[in-house]
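*Asks:* Produce the complete structure using the sequences and hints provided.
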Amino acid sequence: MEEEQIKTNPAAEKEEVRPVRKSGKMARGLHDIIGGDLLSKGAVLGNLPFLVFLAILALLYIANTYYAEKTFKEIEKTKNELKELRFQYITAKATLLYYSKQTEIAKRVEQMGISGTTKPPYKIFYSKALLKKQTATIGKNP
1 MEEEQIKTNP AAEKEEVRPV RKSGKMARGL HDIIGGDLLS KGAVLGNLPF
51 LVFLAILALL YIANTYYAEK TFKEIEKTKN ELKELRFQYI TAKATLLYYS
101 KQTEIAKRVE QMGISGTTKP PYKIFYSKAL LKKQTATIGK NP
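Residue numbering for the sequence shown follows the numbering used here, starting at 1 and increasing by one per position.
Certain hints may be false.
Restricting the straight-line Cα-Cα distance to at most 25 Å, the calculated cross-link-like pairs of lysine-lysine (PhoX-like) are [unchecked claim]:
hint : residue 1 : residue 2
1    : Lys-107   : Lys-119
2    : Lys-79    : Lys-93
3    : Lys-119   : Lys-101
4    : Lys-83    : Lys-73
5    : Lys-70    : Lys-83
6    : Lys-107   : Lys-93
7    : Lys-123   : Lys-133
8    : Lys-83    : Lys-93
Quick caveat, the hints were computed from the structure, so don't treat them as lab data.
Remember, predicted model here, so these are calculated numbers, not experimental data.
*Replies:* Next comes the structure, spelled out in structure tokens:
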């Protein structure tokens, strides 16, 4: 009997009892993604409104980025245009100051045949009595 027990025990000893290993959530999720089971599950259908919301949010984000870039380009274009207009203003102002000098005006007027005065300006003095007399005659009609 002992021989029978020895014969049966070696077979039992060869079979080792291993604990059943549970697959973790991470491994199961990875297996679902690789296997393609992720998209066929009902969980996706349950989260479909959220996924649509995320897609719309992504589109709005992209549209906002394009709008910001467009606005930035317009601002830069306006800045450059403002610089050009400022340069034109400064140039026109300098030209006006040059041509409004007395000597430049005299040169242009001489070309039209008008000459400047050679006599310096002088003051005209009136006496108060003469001034009153002239103002009194202006008001009367002859």
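*Asks:* Against this structure, judge whether each hint is valid.
*Replies:* Hint check results:
| no. | hint | in the structure |
| --- | --- | --- |
| 1 | Lys-107 to Lys-119 | 18 Å, holds |
| 2 | Lys-79 to Lys-93 | 21 Å, holds |
| 3 | Lys-119 to Lys-101 | 20 Å, holds |
| 4 | Lys-83 to Lys-73 | 15 Å, holds |
| 5 | Lys-70 to Lys-83 | 20 Å, holds |
| 6 | Lys-107 to Lys-93 | 20 Å, holds |
| 7 | Lys-123 to Lys-133 | 20 Å, holds |
| 8 | Lys-83 to Lys-93 | 15 Å, holds |
Taken one by one, the earlier hints all hold for this structure without exception.
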